[in-house]
Amino acid sequence: MLLIPCPWCGPREEAEFRYGGQAHLSYPDDPWQLDDAAWGDYLYMRANPEGEFAERWFHAHGCRTWFTVRRHTVTNAITPETPGASSPVRTEVHP
Amino acid sequence: MTRDRNYTITVDGRPVPAGQGDTVASALIADGVRSLGFSPYLNRPHAIWGIGSGGACAHVQVESGPGEPMVPATTVETYPGLRVRSLHGRGEVSLPESDDGEPRHDHTWAHCDVLVVGGGPAGLAAARAAADTRARVMIVDDAPDLGGHLRHAPRRIHGRSALDWVRHTAEELREHGDVQVLTRTTVTGQYHHGELIALERRTDHRAPATIPTHMARHRLWHIRARQVVLATGSMERPLAFAGNDRPGVMLAGAAVGYAWAHSAPPGERAVVMGAHNEALVAARHLAEAGVDISAVVDARTDPGPAGAALLDELWRGGAQILQGHAVTETRDPEASGAVTAVRVAPIDGSGRARGEETEVPCDLVAVSGGFDPCLALWTQVDGGTRYDPAHAAFLPEESAAPATVRCAGAARGTRDLDAALAEGAAVGHAAAEQRAIPTRPTPAEPVHHPRELWLVTTPHTVETEVLVDPHRDATLADVRAALDANLRSIEHVKRHTTIGTGPEQGRAWGVLASAVVGQLLDTTPEQLGTPRRRAPLAPIPLATVAGRDRGDFFDPIRRTPMHQWHLEQGAVFEDIGQWRRARYYPRWTADGQVEDMAAAVRRECRSTRESVGMLDASTLGKILVEGADAPEFLDRIYANMMSTLRIGKCRYGVICGADGMVRDDGVCVRLAEDRYLVTTTSGNADSTLAWLEEWQQTEWPQLRVQCTPVTEHWATISVVGPRSREVLGRLAPGLDVTATGFEFMGMRNTEIAGVPGLVLRVSFSGELTYEINVPSWYGLGVWEAVLEAGAPYDITPYGTETMHVLRAEKGFIVVGHETDGQVSVQDAGLGWAVSTRKDFVGKRSLARADLARDDREQLVALVPADGATVVAEGAQLITHPAPEPPVPMVGHVTSSYDSPALGTPFSLALLSGGRGRHGERLYAYHLGQTVPVQVTDPVLYDREGTRRDG
Amino acid sequence: MTAPETAPDILWRRPEPRDSYDVIVVGAGGHGLACAYYLAANHGITNVAVLDKGWLAGGNMARNTTIIRSNYLRGPSAGLYEHALKLWEGLEDELDYPMLFSQRGVLNLAHTTHNVREGIRRVNANQLNGIDAEWLTPEEISKVAPLVNTSPELRYPVLGATYQPRAGIAKHDYVAWGFARAADRLGVDLIEDCAVTGFRTSGDRVVGVETTRGPISAGRVALSAAGHTSVLTDQLGIRLPLQSHPLQALVSELLEQVHDTVVMSNTVHVYVSQVHKGELVLGAGIDAYNGYGQRGSFHVLQHQIAAAVELFPIFARAHLLRSWGGIVDVSPDASPIIGLTPYAGLYLNCGWGTGGFKATPGAGWVLADTVANDRPHPLAAAYGLDRFTTGALVDEHGAAAVAH
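Protein chains in written order, with the UniProt record's numbering: chain A, 1 to 95; chain B, 1 to 950; chain C, 1 to 404.
Please note that the accuracy of each hint is not assured.
Here are a few chain C residues that face chain B, going by a calculated C-beta distance under 7 angstroms [claimed, not checked]: (1) 55; (2) 314; (3) 390.
Residues from chain A that keep clear of chain B, each with C-beta distances beyond 10 angstroms, as calculated [to be verified]: (4) 9; (5) 16; (6) 20; (7) 46; (8) 47; (9) 49.
Derived from the structure by calculation, the hints contain no laboratory data.
Quick reminder that beta carbons are idealized off the backbone N, C-alpha and C, glycines included.
Isolated chain A, as found in the complex (with noise of 0.2 angstroms):
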């Protein structure tokens, strides 16, 4: 059970979160300047890396907050996003 930092409620176990894959993915600005292979990769196209992933973490069984962690996927040691503390991703202003 992994221990999440939670920027609000502090570490707390992972089954009381939902996982929610790569982070920093963006909706495109306008989805019909995009062909379809484009517009594929957003829908499918993920990172998949053995090392160091900054990924999403939904607390779904807490404050319901979405937020962004570093994660290692070999050893699942677990850095912050930003110096301090694991981010909310609504610091992350997409117009």
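Starting from the known structure of chain A, fit chains B and C onto it as the hints suggest.
The following block gives chains B and C in isolation, referenced to the frame of chain A:
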């Protein structure tokens, strides 16, 4: 310590004397028994080989109490009346005769600063040192008492009996406010971020009649530890020679333990075979316990000064001393069932006999090949190990260690007792202060002066007699067969021979087996390594892992506020996600039978279409979407335009995934300018809320929107049918319920049966419908009020099955019936809902090549040609009546019902190019039968929509 | 010492890698070994090396629960897995190697009306595709698998099951060794402890690989590296829609034989079989997060064991003896990716998720054919990367046929 054997246990039906402190193994040894049960394939008797959790061969089936298969006889604590049975290498499972005696298994959680695994000298010292810093400490040991190996041999600490020191230290710890001491508890696995799982056995050692009823049999501990100290000790290692599994052969430490701690010397005349000083100490202890030491066989030619002194002492005690020798074979020429002699020969550096063998009579062979630190928990968190030739053992590779886990004592090769105490204290202290790794004790000294020795052979050694894993009957011959097949990886050899896959998982025999492979390959243990040890460290009963997640607790059951009423009416239920919903309400028929589902549903449908019915729709998901940007937000989420919805109005909406496939649907109600109530399907309420929050938080945080789940706040009662207006009129006298006064898709806040309610004029059946929402705690009361108000119209409660018939007659889809994740909003016949005036999540996907195909499966209805057959849901559609596989399929049936209103059964289906195939004849295939069907428009009932206003 | 009575034959040689091969297969798991075997046996291409970063068949091949079945819903899946099952049925003879292939039947339990509908849909599709499939009532389930708890009191009562009698299990190690031995005899070089660290390219063509044992040239390179495929393709800038997850399984101690079918339940998330030796083998779903650690979380095991004990009360006293994790690469539609890549001479076989073992001979067959002919084998045509552009997914989630 066992002293008096004053009760009996039953082993294979035979009474055996036993006493307090006895295990099955120690009682048997006291009774002169050396083996128990047989190996799985070769039927070799299984020697009682180890003590405690160390290296057991003989496993038993516990038959008294709750019963348990495959438990090491060396760990089963006795109580009066214990019954066990020997095994042939396999356990047996059977159903309990009744649930009455079914014991409880609990899970519990604990947090601590320092978890010390192992209650031997190093562990006790570590726990005390950590506790002295005011850290929260747990110390866990799998034995009945603390003390570790000190429990099995006479040792001294600070000039007094080691057991006194253990008792004293244990008392100190138990009295300490922040220390938790767990015995009979095995830490079985170490997982992520300081999580460890431990199995505590609370009642297995007690006679069933004496177990308090409140006491769970086992507790599975989920421990979250900031720091872990592994004071897990070491495992004494066997040696590979011919007949090394013969009863009478035993680990030297085990022999001492039985003789000394259980007053049960396992033999009268012993040969002690060792390769290090501690084997000599064991010989001395055996001699002190009254065992005649015939010979001490020491593989070393140079025992060092301490060894030489010990050998001298043993020699003076009358033992024959054979240095540079090894046991090559055990003997039992008369087939007595146990060893009667050993052969001994001088050996070379590789364990090969180099000279005459001599025979030494004995009835006990006490073997000690060396000590393997118990590092399973260490390697589970990717702690490395390295082979140390001076120790002749794998030691923890601490330079690349996890920062939160450290080893102490014999687990890191520290054999000297005083050194282990000092090291335990230092490591415990450092762990409590979370000091960094550099604060490590100095490398362990191999003070026991071991020699590497694994395999002893002579030119005539019968390789099938040399066991490398007796639990799986794996012999030297099997190892050689694997190597002859050109296998070289230790993992391949393990798989070829099954070494290490028995009940002890290679804990006692694994290093020996690897070293034997290495020796045959002429490589070092370092190069070969050992197979990866996997959790759990000790077997955990499946019932214990399941804990309380049994029966109704396996998964929560969600019930509506009216559930009790449904129960009392004899409703038949179905599971929808975690919800339990009434499916139909069977009634007694005139001839005293209970209606079947078909009859009940026919009746419910007819009453509803002809008069009025009512449905508990409380499970529908409900989400409050509030905020200035709620209209914009919902426009982005829904295929429909929701910003144009007028206050006090409802609109059906569809949510697509980013891939354009239907995700969920429901009704949006605009409660105010900045406030919507969104309903979802019962099964998707949670995932839809999460979907909204994900988009809001991660993509559009600038939108001022708040989503609140309110499903449980409301009870929902749909009043459906032409007479529903009268029913509502009686319940809400102040409300204008006329068709113009309360228009279709309108919403009213009103008082219903005396409580505040929200009524929606939506329809999932085509009939005039009022969907009454009241705070959930009024749900049952309002439900009963609706029943009463509807009594003059014979109002009929109906369940989900009738709901499905009514909605399907109107061609309304249900997400999960008509969709399966690959049905687009257009395939589902909901293209009309797709707004052309705005973008929304998933819209772009609808323009992809595959989604534009004409032959995609599209929603249609089917009517059986005979007007009578209810086609099976899940039937496949084909174009030919008498198929020979492979048959091309053109679609499948998603919903199918008999319909009193239509006078014929009908189905909804997804059909390739379906919208262009109305009128076509197809065949519905189901389990070998085909039914001719006619394709039609999905709306079969009241196409003109005349009934929605009553 | 006395020699063993019969000297077994060598399973495979241990050649040093040569400078160049016609085909290099990356990954000596079941699929890679089968591919190499069929390259040699079906296409006469024997100048082949199979490279593995560790010991042969030490990845998911060593870690799976060995269920074999072909009762998939969608046409392409049915075609591919049924082709594999037909190969399984002759494999021990073809490779002249025992694999303990046992067609003991697989049950997929339905616990909700939704499960029933989807199960029946799948059975009907299977029958029309010529795949053996039956729908069983709870009474019929009790005859096939008497230990299954069919009490209506169960939290999620068993309402029925799909049943494929020809489905079953095999001994995973023996399958790998059988293919390895057969491929070796046809001249294929199996090279262990040889990790591929990069690719050699010439324009848009892959012409070889860099390895921990030096560069090796190759006419064609087939990737069959399960959980690590996207780590390899990252080096060429080829993006794949794959996510690698831990997948755990466990065994009990040896028990006397009591359970001779395979029972799976996607609703309560567990599958249970008892293998020849007597161990119960249990598996379940993946851990939710991406991971390459071959370790999962205990609560995932806990849930699957609770489900197993609910379905099989008789196993309550048995023990969790050993658990382990593999790394499975999961695609968005839970179907594999097989075929060509943007680089000439580079071929993919990945995304098998939790279901790769059962496809072993079939996957090897179509991959070999795809490599040999430089075009997708007809059975693999639906599984190209382009489906993630067109949207023509081969989705097996819907009918709950995805797991294992």
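Going down the list of hints, with the structure as the test:
The interface hint given for residue 55 of chain C is met, as the beta carbon of that residue sits about 4 angstroms from the closest beta carbon of chain B, less than 7 angstroms. Given the 7 angstroms rule on beta carbons, the hint for residue 314 of chain C holds: about 5 angstroms separates it from the nearest Cβ of chain B. Satisfaction of the interface hint for residue 390 of chain C is found here, the shortest Cβ-Cβ separation to chain B being roughly 4 angstroms, below the 7 angstroms cut-off. The Cβ of residue 9 of chain A sits about 15 angstroms from the closest Cβ of chain B, beyond the 10 angstroms cut-off, so the non-interface label holds.
Non-interface call for residue 16 of chain A relative to chain B: holds, since the shortest CB-CB distance, roughly 13 angstroms, exceeds 10 angstroms. Not every CB of chain B is more than 10 angstroms from the CB of residue 20 of chain A (nearest about 7 angstroms), against its label as outside the interface. Under the 10 angstroms C-beta cut-off, the non-interface status given to residue 46 of chain A relative to chain B holds; the minimum distance is some 13 angstroms. With a least CB separation of 16 angstroms from chain B, residue 47 of chain A remains clear of the 10 angstroms interface cut-off, as annotated.
In this structure residue 49 of chain A is separated from chain B by more than 10 angstroms, as the shortest Cβ-Cβ distance comes to about 18 angstroms.
Hint check: a violation occurs at hint 6 only; the rest are consistent with the structure.
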